[in-house]
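So the chains spell out like this:
Protein chains: 2
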Amino acid sequence: MAAPGNSAPWQALVKEKQERQKATIPPKWLIELPDTRTLDVTSIPETCGLLSARELEITRSNVEVLLPRLASGSWSAVEVTTAFYKRAIIAHQLTNCLTEIFVDKALARAAALDEHLKTTGKVVGPLHGLPVSLKDQINIEGIEASMGYVSWLGKYATKNSVLVDVLLELGAVPFVKTNIPQTLMWPETFNHIFGRTSNPHNRSLTSGGSSGGEGALIALRGSPLGVGSDIGGSVRIPSAFCGVYGLRPSYNRIPYGGCVNSMEGQDSVLSVLGPISNSVVGLKAFTQSVIEAQPWLKDPLALRKRWSPEEYDLIEHNNGKNLCFAILWNDRLTVPHPPIIRGLETTKKALIAAGHTVIDWVPHKHGEIYETLRAVWAAGAAEDYAVTTSPTGEPVISTMSPDPDVAGTEASFRPGKAGISAYQLWQTQKRKRELREEYLAHWQQTAGTTGTGRPVDAIISPAAAYAAPPHGKNKNADYTMIWNLLDYTTMVIPISKVDPTFDVKKPAHEFLSDRDQINYDLYDPVVFANAPISIQVVGRTLEEEAVLALGKIVDDAVKALSTKATGKM
Amino acid sequence: MAAPGNSAPWQALVKEKQERQKATIPPKWLIELPDTRTLDVTSIPETCGLLSARELEITRSNVEVLLPRLASGSWSAVEVTTAFYKRAIIAHQLTNCLTEIFVDKALARAAALDEHLKTTGKVVGPLHGLPVSLKDQINIEGIEASMGYVSWLGKYATKNSVLVDVLLELGAVPFVKTNIPQTLMWPETFNHIFGRTSNPHNRSLTSGGSSGGEGALIALRGSPLGVGSDIGGSVRIPSAFCGVYGLRPSYNRIPYGGCVNSMEGQDSVLSVLGPISNSVVGLKAFTQSVIEAQPWLKDPLALRKRWSPEEYDLIEHNNGKNLCFAILWNDRLTVPHPPIIRGLETTKKALIAAGHTVIDWVPHKHGEIYETLRAVWAAGAAEDYAVTTSPTGEPVISTMSPDPDVAGTEASFRPGKAGISAYQLWQTQKRKRELREEYLAHWQQTAGTTGTGRPVDAIISPAAAYAAPPHGKNKNADYTMIWNLLDYTTMVIPISKVDPTFDVKKPAHEFLSDRDQINYDLYDPVVFANAPISIQVVGRTLEEEAVLALGKIVDDAVKALSTKATGKM
Numbered sequence: 000m001a002a003p004g005n006s007a008p009w010q011a012l013v014k015e016k017q018e019r020q021k022a023t024i025p026p027k028w029l030i031e032l033p034d035t036r037t038l039d040v041t042s043i044p045e046t047c048g049l050l051s052a053r054e055l056e057i058t059r060s061n062v063e064v065l066l067p068r069l070a071s072g073s074w075s076a077v078e079v080t081t082a083f084y085k086r087a088i089i090a091h092q093l094t095n096c097l098t099e100i101f102v103d104k105a106l107a108r109a110a111a112l113d114e115h116l117k118t119t120g121k122v123v124g125p126l127h128g129l130p131v132s133l134k135d136q137i138n139i140e141g142i143e144a145s146m147g148y149v150s151w152l153g154k155y156a157t158k159n160s161v162l163v164d165v166l167l168e169l170g171a172v173p174f175v176k177t178n179i180p181q182t183l184m185w186p187e188t189f190n191h192i193f194g195r196t197s198n199p200h201n202r203s204l205t206s207g208g209s210s211g212g213e214g215a216l217i218a219l220r221g222s223p224l225g226v227g228s229d230i231g232g233s234v235r236i237p238s239a240f241c242g243v244y245g246l247r248p249s250y251n252r253i254p255y256g257g258c259v260n261s262m263e264g265q266d267s268v269l270s271v272l273g274p275i276s277n278s279v280v281g282l283k284a285f286t287q288s289v290i291e292a293q294p295w296l297k298d299p300l301a302l303r304k305r306w307s308p309e310e311y312d313l314i315e316h317n318n319g320k321n322l323c324f325a326i327l328w329n330d331r332l333t334v335p336h337p338p339i340i341r342g343l344e345t346t347k348k349a350l351i352a353a354g355h356t357v358i359d360w361v362p363h364k365h366g367e368i369y370e371t372l373r374a375v376w377a378a379g380a381a382e383d384y385a386v387t388t389s390p391t392g393e394p395v396i397s398t399m400s401p402d403p404d405v406a407g408t409e410a411s412f413r414p415g416k417a418g419i420s421a422y423q424l425w426q427t428q429k430r431k432r433e434l435r436e437e438y439l440a441h442w443q444q445t446a447g448t449t450g451t452g453r454p455v456d457a458i459i460s461p462a463a464a465y466a467a468p469p470h471g472k473n474k475n476a477d478y479t480m481i482w483n484l485l486d487y488t489t490m491v492i493p494i495s496k497v498d499p500t501f502d503v504k505k506p507a508h509e510f511l512s513d514r515d516q517i518n519y520d521l522y523d524p525v526v527f528a529n530a531p532i533s534i535q536v537v538g539r540t541l542e543e544e545a546v547l548a549l550g551k552i553v554d555d556a557v558k559a560l561s562t563k564a565t566g567k568m
Numbered sequence: 000m001a002a003p004g005n006s007a008p009w010q011a012l013v014k015e016k017q018e019r020q021k022a023t024i025p026p027k028w029l030i031e032l033p034d035t036r037t038l039d040v041t042s043i044p045e046t047c048g049l050l051s052a053r054e055l056e057i058t059r060s061n062v063e064v065l066l067p068r069l070a071s072g073s074w075s076a077v078e079v080t081t082a083f084y085k086r087a088i089i090a091h092q093l094t095n096c097l098t099e100i101f102v103d104k105a106l107a108r109a110a111a112l113d114e115h116l117k118t119t120g121k122v123v124g125p126l127h128g129l130p131v132s133l134k135d136q137i138n139i140e141g142i143e144a145s146m147g148y149v150s151w152l153g154k155y156a157t158k159n160s161v162l163v164d165v166l167l168e169l170g171a172v173p174f175v176k177t178n179i180p181q182t183l184m185w186p187e188t189f190n191h192i193f194g195r196t197s198n199p200h201n202r203s204l205t206s207g208g209s210s211g212g213e214g215a216l217i218a219l220r221g222s223p224l225g226v227g228s229d230i231g232g233s234v235r236i237p238s239a240f241c242g243v244y245g246l247r248p249s250y251n252r253i254p255y256g257g258c259v260n261s262m263e264g265q266d267s268v269l270s271v272l273g274p275i276s277n278s279v280v281g282l283k284a285f286t287q288s289v290i291e292a293q294p295w296l297k298d299p300l301a302l303r304k305r306w307s308p309e310e311y312d313l314i315e316h317n318n319g320k321n322l323c324f325a326i327l328w329n330d331r332l333t334v335p336h337p338p339i340i341r342g343l344e345t346t347k348k349a350l351i352a353a354g355h356t357v358i359d360w361v362p363h364k365h366g367e368i369y370e371t372l373r374a375v376w377a378a379g380a381a382e383d384y385a386v387t388t389s390p391t392g393e394p395v396i397s398t399m400s401p402d403p404d405v406a407g408t409e410a411s412f413r414p415g416k417a418g419i420s421a422y423q424l425w426q427t428q429k430r431k432r433e434l435r436e437e438y439l440a441h442w443q444q445t446a447g448t449t450g451t452g453r454p455v456d457a458i459i460s461p462a463a464a465y466a467a468p469p470h471g472k473n474k475n476a477d478y479t480m481i482w483n484l485l486d487y488t489t490m491v492i493p494i495s496k497v498d499p500t501f502d503v504k505k506p507a508h509e510f511l512s513d514r515d516q517i518n519y520d521l522y523d524p525v526v527f528a529n530a531p532i533s534i535q536v537v538g539r540t541l542e543e544e545a546v547l548a549l550g551k552i553v554d555d556a557v558k559a560l561s562t563k564a565t566g567k568m
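If you read the protein sequences in the order shown, they are chains A and B.
Numbers 0 to 568, taken from numbering that gives the first Met the number 0, label the letters of the first sequence in order.
Numbers 0 to 568, taken from numbering that gives the first Met the number 0, label the letters of the second sequence in order.
Check before you lean on any hint, since a few could be wrong.
Chain copies aren't distinguished; within one or between two, either way the pair holds.
Below, computed lysine to aspartate or glutamate pairings styled on EDC-like, alpha-carbon distance capped at 16 Å [unchecked claim]:
{"no.": "1", "residue 1": "429", "residue 2": "370"}
{"no.": "2", "residue 1": "364", "residue 2": "477"}
{"no.": "3", "residue 1": "104", "residue 2": "140"}
{"no.": "4", "residue 1": "551", "residue 2": "18"}
{"no.": "5", "residue 1": "158", "residue 2": "433"}
{"no.": "6", "residue 1": "320", "residue 2": "309"}
{"no.": "7", "residue 1": "158", "residue 2": "436"}
{"no.": "8", "residue 1": "504", "residue 2": "515"}
{"no.": "9", "residue 1": "429", "residue 2": "263"}
If you're looking for bench data, these hints aren't it; they were derived computationally from the structure.
In isolation and in its complexed conformation, chain A is listed as follows (with noise of 0.2 Å):
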């Protein structure tokens, strides 16, 4: 990044608004932090004394748990949002994961939720009393939406986004946002404003992007429900960075309404918004959820396609017995690094134990997919980011790399200055259709050689070709952006960690491409140690139900196979 002069006012903007945000802290909410070399601080919420043994009760406590709890009454909204913010501001204080705080306003909704209740006798609404927090991006009335770019401070939302308004409908209480990198068009968790999150499973490590915030926050049980969004792995990339559970629902089924974005307009792939959480069925309660509550007559993008109880059933998938998974080893561009692979051969030793057929995934142009999702983007990006720094003269962040020498050394996410005319751009998504349509057919001819009688049931692929790397160098969301381009919903479950006893760098193979020399250099079993392994379980355009159901099985799956393995529950 080109380096600003100290005089330029938006670094005075920077200023004032780290400290605004920093007097929204409480201050006997402040821990004492832990040493920078201090890798792995998952434990810290547990050891460092600020939450009461009922707050761990209440924070260890995935969504299954706490909605029933919250219904009954055994457990206040207030006292439950209180543990989550306090944890949430530990994680915060840990790996800087939070943008907009704002107690007060959380607690007073929680306070109104218990009245409700007390007074009525009944929920608001299936989320009722769940905390849950939310990317930058999403706007909630009064709170200030920079979205990490300085010419948006002091941008408060007017109203809410389309999916707060549900949300509250259903009884939730949102309560934080959390960090994004500048543009949110990068796997990584940066911005001038809000600076860099980090991976609370080992610090020197990235969270990913660009929904790392909620990747770190969740991570840390300082969140039970979080919502990002994912236009090329945004979601799916800090979940499976930070250990966590994540969807990415198709095109539109999910309300984008009222969201501040990039590149907005931008009609061919879009950007959807999906749920993280510490449990499959976390993402199933918000999905389900949200979508029963007909967003479609609030938002004119939301597909008005109702919630299939047969669907989640599995009705298309002979209702969930002797199923077929495909596993993609490798895109045939990239190589995967031993943990990766270990975690497909976990899953794939999972299924087969748990009665299902597992083959391999023989992919399908991949490296052109790729290159025509980037086209799509670049077609405008670099004048989107242009015009909206251009208030403050904020540079556009072209490394995440805390390295000041990498600076104008490196490119990768970001497009070139030259953008292209409306017909070339035309010509490219009509080249996307044909890879959709090739895609298809690929997927649809799979039923002659799964034995079932169907195509493929679902496939298990790489969420990325390596575990969360060093900050700086995550420059790579291939395997996750493939399934942007296809608009497949998909689903993100973490494995195992990488442990640099099993997972050790193995001798130089015949690389397929440059880029797979590079990723194979990139691995040092060290350097990776801790980071979470996990896998995509990618279903079909619009079967959030199937994904969510078959995302079950094969979490149950893995968790029964560690269970005999360990002898442990």
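Position chain B against the provided structure of chain A, taking the given hints into account.
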């Protein structure tokens, strides 16, 4: 259009194709043509003597009569196909509505269906034996698909469009392809190859476009069910001008994959395929059976959204009782001609007589919506047309006027040569989303004024500010385009016909706009005599089921009123 030199090669290609087309017409099906001064040709299929009494009975039958007789075998697929084919060829001789004619192929298909029914006792599918006409852009393997572009002559489809595969699965008999304007982006029907399609009710008037061949063909009962496409009114304008029923479904409900098209890759305001027929039941039979065939397994853009019997039963509309309709009398830019106002008044009277409430619809920013939609198309349209026509140098048609003096003195639907950048297109598309959001909120807030507790159940809108105008005079698709940008499901229903006795010209009013004055000046009851009067029933995005049911309610109400008025069934 620029007068092309006779020596240019494209004219030779046209001549050769016209001869090939003529050769596909069985000579025994040629009729004695009426004088060109015979304007209303709707009775000629019945009087020309080519059809037997049984063939007349068959071709007078709507889809709801044909399907059970075909399924029971009381009418064979071969005799039904033969009857409609003969009548289609008559229609073609009267209005020039066909492009591709393939009698042997269609009859072979019909014979195979008969054999199947005879052998197995079962129908192939719900459309067993039904002849279906297809707009020229819908590909049938082995059939030429020029779409009116000289440069595309000789392009024989190497595979079926997805819709054709689906129709074959359903048991239908694709049997003719129908005429279109060059580029498809014009609301009349004329191209260099196949010439002009006229309106069978008054051949001095246009059939509308771009699915004008379908409109004329179905009005003459030369096909029981046709498929057109609609990006700005191209199903609805010919349906309205020709006095038949047409449905514009929402984006991607009906599979579009594998068709040829203009402006491919324009992903923002999508063209959709929709049915045209002589009854609401015909539209429903098509829509329901195509959706029930799960087209999303063949076309990745087709939405995975099942046919909903509950939504067809109007569970979101008080089960069809005591509905509230709102009439759009004018868009605040163009006051419709007297017969169109009469059509709206008749509909209002009929709905009130049927026990429903009728209020006025308040238009919201229609002018800006029209401009925004045109800007999306114009972004790359001129370059698209230039690239497509360049191989042969055929001129891009810039007027549909049959008067050569008009050439070069007017411009309407053709965008300017200069396209815009992808970034500029994104800004237009962003504004489009905002307008959709505003319109949804505008519709939702009618809940306060309907008296039903619900928002307006459907809008009743003109299909155009006029009935079918003289050739070359249809330059304003505003009343249909609006629903394309908003992506509202919309059905056209015929109400009456222009009668110079009733539909007198009114004194000039205070004009709302320049186009209002131009429209006022256009009206002359004698010129428009006998042109059908139609309305649109407008529902929400992806409300195909509900609009089919609401359209039936409107149609039944209008028919009941007419029965009451005339004392006849």
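Consistency of the hints with the structure:
1. In the homo-oligomer, the alpha carbons of residue 429 and residue 370 lie at most 16 Å apart inside one protomer (14 Å), although the nearest pairing across protomers, at 24 Å, exceeds that limit.
2. For the homomeric pair residue 364 and residue 477, the shortest alpha-carbon distance inside one copy (12 Å) is at most 16 Å, but the shortest distance between copies (42 Å) is not.
3. Proximity of residue 104 to residue 140 under the C-alpha cut-off of 16 Å is restricted to the intra-copy arrangement: shortest distance 11 Å within a copy versus 63 Å between copies.
4. In this assembly of identical chains, the alpha carbons of residue 551 and residue 18 never lie at most 16 Å apart, being 43 Å within a copy and 63 Å across copies at closest.
5. For the identical chains of this complex, residue 158 and residue 433 are inter-copy neighbours only, at 14 Å across copies versus 39 Å inside a copy, given an alpha-carbon limit of 16 Å.
6. Taking the shortest alpha-carbon separations for residue 320 and residue 309, only the intra-copy value of 15 Å comes in at or below 16 Å, while the best inter-copy value is 30 Å.
7. In this homomeric assembly, residue 158 and residue 436 come within 16 Å of each other (Cα to Cα) only across copies, at 14 Å, whereas the closest approach inside a single copy is 39 Å.
8. Taking the shortest Cα distances, residue 504 and residue 515 sit within 16 Å of each other inside one copy (14 Å), while across copies they are farther apart (76 Å).
9. Within a single copy, residue 429 and residue 263 get their C-alpha atoms only as close as 20 Å, which misses the 16 Å cut-off; across copies the closest is 6 Å, which meets it.
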